[in-house]
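Undergrad: What follows is the residue order along each chain.
2 protein chains.
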Amino acid sequence: MNATPQHHDEHEAARAANSRLVRDFGLLIKSATRLEQRIDSALRRECGISHTMLEVLIRLWRQPGEEVSQRQLADDLTLTSSGTTRLIDRMEDAGLVRRVPSPGDRRVALVEPTAEGRTTFLRAAAVHAQVVEEYFVKPLAADDYARMTSALSEITRALRGDAG
Amino acid sequence: MNATPQHHDEHEAARAANSRLVRDFGLLIKSATRLEQRIDSALRRECGISHTMLEVLIRLWRQPGEEVSQRQLADDLTLTSSGTTRLIDRMEDAGLVRRVPSPGDRRVALVEPTAEGRTTFLRAAAVHAQVVEEYFVKPLAADDYARMTSALSEITRALRGDAG
DNA sequence: ACTCAGCAATTGCTTGCTCAGTAATTGAGA
DNA sequence: TCTCAATTACTGAGCAAGCAATTGCTGAGT
Chain A
6 MNATPQHHDE HEAARAANSR LVRDFGLLIK SATRLEQRID SALRRECGIS HTMLEVLIRL
66 WRQPGEEVSQ RQLADDLTLT SSGTTRLIDR MEDAGLVRRV PSPGDRRVAL VEPTAEGRTT
126 FLRAAAVHAQ VVEEYFVKPL AADDYARMTS ALSEITRALR GDAG
Chain B
6 MNATPQHHDE HEAARAANSR LVRDFGLLIK SATRLEQRID SALRRECGIS HTMLEVLIRL
66 WRQPGEEVSQ RQLADDLTLT SSGTTRLIDR MEDAGLVRRV PSPGDRRVAL VEPTAEGRTT
126 FLRAAAVHAQ VVEEYFVKPL AADDYARMTS ALSEITRALR GDAG
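Going line by line, the protein sequences match chains A and B.
Residue numbers for the first sequence follow the numbering used here, beginning at 6 and rising by one.
Residue numbers for the second sequence follow the numbering used here, beginning at 6 and rising by one.
FYI, nobody ran anything at the bench for these hints, they're computed from the structure.
Treat the hints loosely; a few may be bogus.
You can't tell identical chains apart in this list, so a pair holds if it fits in one copy or across any two.
[Stated by the list, open to error] In silico EDC-like cross-links for lysine to aspartate or glutamate, where the CA-CA straight-line distance does not exceed 20 Å:
1. Lys35 x Asp81
2. Lys143 x Glu41
3. Lys35 x Glu138
4. Lys35 x Asp45
5. Lys143 x Glu159
6. Lys35 x Asp80
Computed from a predicted model, the values in this text were never measured in an experiment.
Based on the sequences and whatever the hints tell you, model everything.
TA: Below you can see the structure in the form of structure tokens.
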């Protein structure tokens, strides 16, 4: 046993790296990352779109008839406005959505799905559901699933609470 | 009420976008993404490192004395080997780690933390713990927290199970 | 002993994002 | 009515990741 400051720090570092908190939180990040990667590659392979694009399409059909601006999309997807601009560029090029000037405010561009966007969305949603079912629902007992989603709601609420 | 195929598809699309599965899974991705962003920006601001770099440091102190290759880091962090190469490049430039040729296999580069890496890690771990405590532990009842982590273990197990 | 399939790390190129800065438009207060 | 701070979208530059191809090395089968 050596009691130099270095040895003390090494011990502290090992403690920190193996703490409960670190381990558990790592699990959350890792599961989410891997799940998203899995969905993304399935969608690219089978529908030619990214997971982010699917999230846009989901948002566009959340409340049919609602006018959705890029700003709203940016907020809902946790993207910057420039990221959103270029995402919509790509989706427009792919024929999935179109930009329509807002009648009420000439600064905003509303985003609308096209007919092609709709058929792609229907296929993509099926792929998405299949992967989610397999790796999110199936591994969990029904009880755990319910608790998990309520816990996640709490977390997003806490995060939304303050700025940053 | 119009019964054209288009109307049927619109209805299907709205149903898909509002399904339980989609909503719940979106919650998981969004919480994880936002939490990670929050941690990343706190770490950059207060310690000058990214969240990914912290994950490397955590891994390096998981089993002190263990030899860790870039390949192992890549697997544990869910990164490609090229991504890992450049990540370690940056960390080496920042003085946090150093590459050491493996004595047993001249293909592999072992990654070791430096003294500076250790002090940075200790500060970063404190920042990390604080954010995790605030937005992951505190919003959850103790009971929910325990169930959540066991559920996450199940998910990672399911994901690890098959290739992908 | 030699070959060769396979693995570790690296590099060039591409993608998808952020940040910082810009231009047009809006709406609230003097 | 006019002004000006805030807001929307967009653009250029930069960064961190992935994919594909390359290099150097290893170890198993002949």
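Undergrad: Now tell me if each hint is right for this structure.
TA: Checked hints:
no.	hint	verdict
1	Lys35 x Asp81	between (22 Å within a copy, 9 Å between copies)
2	Lys143 x Glu41	within (16 Å within a copy, 26 Å between copies)
3	Lys35 x Glu138	both (18 Å within a copy, 18 Å between copies)
4	Lys35 x Asp45	both (15 Å within a copy, 15 Å between copies)
5	Lys143 x Glu159	between (23 Å within a copy, 10 Å between copies)
6	Lys35 x Asp80	between (24 Å within a copy, 11 Å between copies)
Of the numbered hints listed earlier, not one is contradicted by the structure.
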